Every structure is written in C-alpha cells, then in structure tokens.
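Using the sequences provided together with the hints, build the complete structure.
There are 2 protein chains.
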Amino acid sequence: MNPELKTAINSEFLKLENLIIRNSCEIEQWFRSKWLDQEAPFYASVDLRNSGFKIAPVDTNLFPAGFNNLNPQFEPLAIQATTIAIEKICPEAAKIIIIPENHSRNIFYFKNLLSLTEILKNAGLEVEIGNLDPSFQKTEYEIDGHNIIVYPLQKENHRVFIKKNEHKFIPCSILLNNDLSSGDPEFLKDITQTIIPHTSAGWFNRRKSNHFKFYNQVAKEFTDFLNIDEWLINPYFDTHEDMDINNENDLKIITEKSEFLLRKIKDKYTKYGINHQPYLVIKADAGTYGMGIITIQDPSEIMQLNRKKRNKMSTIKDGQKVTKVIIQEGIHSEEILNEAVSEPVVYTIDHYVIGGFYRVHTSKDKNENLNSPGMEFFPTPFEQSCLMPDQGRDCNDPPNRFYVYGVIARLALLAAAREIYG
Amino acid sequence: MNPELKTAINSEFLKLENLIIRNSCEIEQWFRSKWLDQEAPFYASVDLRNSGFKIAPVDTNLFPAGFNNLNPQFEPLAIQATTIAIEKICPEAAKIIIIPENHSRNIFYFKNLLSLTEILKNAGLEVEIGNLDPSFQKTEYEIDGHNIIVYPLQKENHRVFIKKNEHKFIPCSILLNNDLSSGDPEFLKDITQTIIPHTSAGWFNRRKSNHFKFYNQVAKEFTDFLNIDEWLINPYFDTHEDMDINNENDLKIITEKSEFLLRKIKDKYTKYGINHQPYLVIKADAGTYGMGIITIQDPSEIMQLNRKKRNKMSTIKDGQKVTKVIIQEGIHSEEILNEAVSEPVVYTIDHYVIGGFYRVHTSKDKNENLNSPGMEFFPTPFEQSCLMPDQGRDCNDPPNRFYVYGVIARLALLAAAREIYG
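Heads up: the protein sequence lines correspond to chains A and B, in order.
If you read the first sequence in my numbering, its first letter stands for residue 6, the second for the next number, and so on.
If you read the second sequence in my numbering, its first letter stands for residue 6, the second for the next number, and so on.
Calculated from the structure, these hints are not laboratory results.
Treat each hint with caution, since some may be false.
Copies of the same chain look alike in the list, so a pair counts if it works inside one copy or between any two.
Okay, derived cross-link-like pairs now, DSS-like style, lysine-lysine, Cα gap no bigger than 25 Å in a straight line [as the list claims (entries may be wrong)]:
1) K326 with K271
2) K326 with K93
3) K329 with K218
4) K313 with K126
5) K273 with K116
6) K126 with K20
7) K100 with K329
8) K329 with K276
9) K143 with K168
10) K100 with K39
11) K169 with K143
12) K257 with K326
13) K329 with K317
14) K126 with K39
15) K39 with K93
16) K100 with K160
This one's a predicted model, so the numbers in the text were calculated from it and none came from an experiment.
Quick look at the structure:
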C-alpha cells in the first residue's frame, strides 16, 4: 500500500514531477556526467518531504540505519550495488568489521545491523561487528531468530580486530555505522585499514548548513538544466553562529532572520497560489537524531521560547552544546497513509538508489519532525523500485513518484559527495 | 513455482552445491579478483544443464534474446547493472541503436526487443532499433500494447543512423542483438561509433570449442580453488575439423573420438555410482540456435547416420556449411516442472547476474536439446534472484540453487570474456 498526496497537487508541482518523469533519460545522463569524476559516499539515506507543491531533502545521513525497513524484495539491488561499491573502494577486501552506534539498545537498530550484515555477506564479505566503546563487553543478541554478536574492538600494530573464539578476526576494511557525533575517535586515528566512509563524514565534522550550501549548488545546476524554479526542490535557509540559546541578542538575530525567510517563502506561496501557513524549522547545525529541533510559524515565538524548548535546543546527542543553528523553510508533509502523515526516506549505496520506505506516523502534525527522540513510526517499505519511471502513466503512479524521490535523493547525495570528498 | 530435481541427488553433487553455498563469501572474492583486470561482455545468457550429479554450461550467448522471459520483479537489477556497464563502456552515451536479428518475425523476439529497450531507457539511454539488412523497410509492430518500430539502418560519414520523422537519430553507440552468424557485416566496418559487444564476438568468428577451451581453464582454476573434481562442473569434449559429414573417413574418426569420450565418462559414472546411460552431443562448432546438433548414446550410430540426420548436421543458420564439430559429453536434464524437463538459462549484464528462467519443455526427452529449431518451450522465470544464498537452508531451496546457477554461469561468462577480450 502506498500513501496518497492529501491535498490537490499544485499544478506547478505536477509540472515538476511530470518534467522529471518525461526527461528521465536526460536526467540519468546528467547524473552519469556528474558522477563521472565524483566519488560517492559508500551508503546514505535521504529524508525527503513532499508538500504537494515542493519536494526536497531535509536530512542526508551518511551512516544510515533502517536497512531493515526496506522491501526485502529489493535486497538483490542492495547486494549488487554493494558489490560495485566494494569493487571500487576495496576490491581485495575479504573481511570487514561494522562499527555500530556505541550505546544503542534499540531492537530496531539491531535489526538494521542484521540486514546490513546480510547485504555485505552476500556481496562476498566476512562480516563481524565491533563496538568502539572501550568499556564494551562482548554481547549476544537474538534478533528474529538470528544471533548477532557484538564484540569489543581491539587494536594491535595499527590494526583493529575482534577476538572470536580465541582467533583474531583482522578486517581489511571498517564500515562505520556510527555517526561519530561525540568526536573523531582517537582509537581509529592511527590505523592502517580502510575506513568507510572516512571519519571526516562524521557529525563531529559535518554541518547541516554546509551540506545545504552544497545542495544549493547542485539544486541550481539541476533546475537550470531542467529550466524550472529552484525553489520547487530547495528550501530556503539561513544560519546563525557563535550563539547561545539563552542570550537575548542571539534570539533577536534569529527572529530577524526568520522574519526575512518567512517573507521570502510567503512571496513564493503567493506566486504559486499556495494557501498553506509557512513555517520554519530551527535545528542545531551539527545535530542528528532529530535532537535540537524546534518548529515555528511566527518569528515572535522565538523571543518567547520557554525553558523546556530552550533546553531542547541547547544540547544534542552525547551532550554536545549547540552554538550554531540552521533556520530552514519547513516543508509540509502531505502524503497520507491510513490517515497518518508519511515521510519518504530513500537509501543509496554508491550512487545507486536501492530502495526506500515511508515513516508513517499517527500522532504528529504534518509540519512536525518525524525523526525525533522517542518517535514511534511504522516503517512502510516502498513497494516498487525507484528505477522505473513510466512515461505512459500518471505521476501519482507509485513507480513514477518513487523515481522522482530517487532523483531528489540523488541530488542530496551528490551534495553530500561534494561536501565530504570535495 | 520452481522445478524439482527428479532423481535422488548424488551425494557428490550435494557436496558440490553445499560447498558452493557454504563458501559463497570466498567465491565472491574469487570472482572479484578475476574481474579486476578482465573486461566483461556487455550482456550474455548462459544455458546450463543440471543432472543432479553434475552441473555445467552448454552454451554461452553473447547476443542474448529472451529478456522478456525474465522475472519483471528483478528488472531493477537489470537496469542497475546496465547503468554500471554504460558508465564503464560509454559514460557519455545518450543515444543507442539496437541492431536486431535480420529476419526474425518471431513475436517472442520482438517481446525481447521491447524488454531490452525498456531496460536501456531506464538506464538513461534514448533507444531506437535499426535493421542491418539493406533491403529492410521501416516496420511497425504492436507488442503487448506497445509499438515497436524497426527502421532500416543508414550510414553517412562513417556514422550509422536511422531516420525518424525526417530527423536523423545518430547514436553514440550500437548494441548488437544479432549474433552475426552470416559474417562480419561490411556495413559496420568503417564506422566510428562504439559497437557493443565488438563484432568479433559474432558467431562468424566464435567457435564453441574455443569457448570450452577457455571454460576448461576457468573450471580448473575454480575447482582447484574449491578443491573438487573439475568434472563435476565441466563436460568432456573433443573436436574434429576439416571434415565433411558425408565422408566415411571423417565419420570413422568421430566414432573413435566418441568411443574414447564415452569410456572416460563411464569411468566417472562408475567412480560416483551413477546409473545413467552416458551420451554425447555432436554440434557444429560454429552453430547457433540449436542447429547442426545430434545426440548419440552409442558411437556405432555415427557410421549409420541417415540422410536426414546428415543433412541436419551439414548446414547451420544462414546456410553455412559445417566443417568442424565439437563432440561434447551430454548432461541429462533432471529438473522437472509439471512433469516436464526444465533447463535453466542465466542472464548477465556486465559481470552481474540479473536473473534467469527455465525452458520448460513437455515433449522432449531429458537428453535432447531444448533449444532447437521450431522448439516450443514455456519460459518460467526464476522466482528469486541468484544473489542470496542462505547457508541456513537446504541446497534444494530455490535461492540456493539459483545462487549455484549464477556461480556456474559466471564461470562461463569469465571464459567468454577471456575468449573475446583475451
């Protein structure tokens, strides 16, 4: 079952979706030319929002979890793409260690590790899981009838390994499934094995605003190529740095920047005849996991932020203090499945789209962030692949909509590639 | 629905299948190392035979038809592999012309062209079809509600093109789906566009015996690697050249060679306790389409070949005269679906297995050739991909059997790659 767009789709958006579907050949060529000299991240997931009048990425994760939420039918696509990625990055690799999130006890996260392990195994790698936390003790988990063992990571002669039945398992490469929010791990600094992706892709180093700066560039190139308004795939944003959420003056500046952004958005809404209430999302620039995020509709809300909201904004994962925020145009989530707001997430390996799923949420508003702590969502896998646009059919046809999602996700991926590899 | 192996599977074979499934990681690494410096054919289909005690390729087609027989569920896999192949061979390609078989009026062949066109389009190419025959007139066919137009191929300034609505469609590359049985086409000799695969892969140039010489090499490397008897995946063969099927002396030599081969096969049957009647397949060394093929169980049959069988052996497609034969160990087809003999065909694009189907035949014996002129078979697509072996399950489990098929097909593909690219 696939979601439906709740509102009457705006004609400008229809134009955009149809244009993408009608020009799929040219778009694939365009991507081919872009990837020719550009290394792609090993894997990624891209959160999209579809308001019925615009569609855009809101987060690009380079250490994606959630592989368990994908349609098992398309696992071969993930295996094939992984084979390709390994052939490029480390063709001689035989053994690999996945470094997971340090402290996760979330069963869904372990299901993700199980799915990821399966994909890597079928691409021809021996896989073990090694925790980066020095205090970690070997732990065995039973997930869906399979055993997953997480070992403590060890190091010797500049090589990490795990000890399995008294034997050392020394990998050729290390796959990070840990977003490194808490910093560049000392433990990995002097090792000689290939780290995928490079630790510099970690959140201790990445900034949302930097990602969207590159996305601006890519979105402009793409919309110039298609000759459409860039705004239809790119949310406005601004940033404020060296700030303290409890400082009156900082809040004032954020208010002014928010007023300016809202005015620009309202102009676009007027131009396209959109009757929605525009809103903004203010996020910690280095934040992940939906932490450090608030939404506002009226800039005056900013000066009146209560203690709870200020606290919510002031620290992110692993207790990092927020000193820079990104203020971003909010995109209404207008896809509805079983009366619930649904938000697409697209997965890539190398520069290939391997599938996606919807976060289907029952309790939240369409302009709230679904990827927030303690969130409960029902993952609903895409039923079709993102590779088969059908020009003979409507853009509401799921394979066509998924193709469009795959295109927008690849724009974000290209931005991330430029961001981390230059 | 998947076929079942009719006979009790021989324990040696079980050992082989289990060994392949258990060692899938190492096998994928082995393939990775082999493909590292070896260009792969753009596409191929490999006919396999599974006797329950041995499994081997019997034909490797570098201009595969039958894409319409594959499971539509796995089309994304074909699209992704095609994208990869194009990125390697001709990343700048935007337009491509498929050159089909010259004289086919077979509706299934046009369905194949339709499927192939869809795959190429979704990989981002504009596709047209151009017939190589100078007398060909533009023809429109309606296939499954889609129109297919085949244009006559034209040439100007060393570039081929087709004329579509008074516009020239000039491709960057040409995809041959014509096996060039009738010779190296003069028309293509001086063109500057990329021809995929190179015309030297055509049957005017290829010899079955040459392919199997390379297969011997690959099979030896693989079985040495797995430490098993090469015979379990490789049929014995011999050749006889400069011959005339009507010459008594030639028939005598073929008889002697056949006696020798049958003795070797019987020794293996004795060693492994196999109770089948061994047989041989004698084929025109340059033959395709199942033409120029006879099967024998007793070498004395050769001297007694009647006129009809001699005629069948003496000419192949496009009236070519047979002057060299390959005498090959026959492999019994022991897979049975709905009481019918079923033979697997595996498809590859670049060096990736994208799927396969069974030729299910109701009227033929298990030791006859199913790919013969006028044949009628029911194509039954593989229900699962060939990429997901499951070590927790039986080798009769379809994903496991398909994985093994994918492995053997890739051995034949590697042989074909060495054969055509060196």
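A quick look at each hint next to the structure:
Taking the shortest alpha-carbon separations for K326 and K271, neither the intra-copy value of 32 Å nor the inter-copy value of 78 Å comes in at or below 25 Å. For the homomeric pair K326 and K93, neither the shortest alpha-carbon distance inside one copy (38 Å) nor that between copies (46 Å) is at most 25 Å. For the homomeric pair K329 and K218, the shortest alpha-carbon distance inside one copy (15 Å) is at most 25 Å, but the shortest distance between copies (67 Å) is not. Taking identical chains as interchangeable, the C-alpha atoms of K313 and K126 are never at most 25 Å apart, the minima being 45 Å within one chain and 54 Å between chains.
Proximity of K273 to K116 under the C-alpha cut-off of 25 Å is found in neither arrangement, the shortest distances being 42 Å within a copy and 48 Å between copies. In this homomeric assembly, K126 and K20 come within 25 Å of each other (Cα to Cα) only across copies, at 21 Å, whereas the closest approach inside a single copy is 43 Å. Taking the shortest alpha-carbon separations for K100 and K329, neither the intra-copy value of 40 Å nor the inter-copy value of 48 Å comes in at or below 25 Å. Taking the closest pair of Cα atoms, K329 and K276 never come within 25 Å of each other, the shortest separation being 32 Å inside a single copy and 76 Å across copies.
With identical chains, the CA atoms of K143 and K168 are at most 25 Å apart within one copy only, with a shortest distance of 10 Å there and 68 Å across copies. In this homomeric assembly, K100 and K39 come within 25 Å of each other (Cα to Cα) only across copies, at 18 Å, whereas the closest approach inside a single copy is 31 Å. Proximity of K169 to K143 under the C-alpha cut-off of 25 Å is restricted to the intra-copy arrangement: shortest distance 10 Å within a copy versus 67 Å between copies. Proximity of K257 and K326 under a CA criterion of 25 Å is satisfied intra-copy only: 20 Å inside one chain copy versus 90 Å between copies.
Taking CA atoms no more than 25 Å apart as the test, K329 paired with K317 passes inside one copy only; the shortest distance there is 14 Å, against 81 Å between copies. In the homo-oligomer, the alpha carbons of K126 and K39 lie at most 25 Å apart only across protomers (19 Å), although the nearest pairing inside one protomer, at 30 Å, exceeds that limit. In the homo-oligomer, the alpha carbons of K39 and K93 lie at most 25 Å apart both inside one protomer (17 Å) and across protomers (14 Å), since each shortest distance falls under that limit. When the C-alpha separation of K100 and K160 is checked against a cutoff of 25 Å, the pair qualifies only within one copy, where the shortest distance is 16 Å, while the shortest distance between copies is 52 Å.
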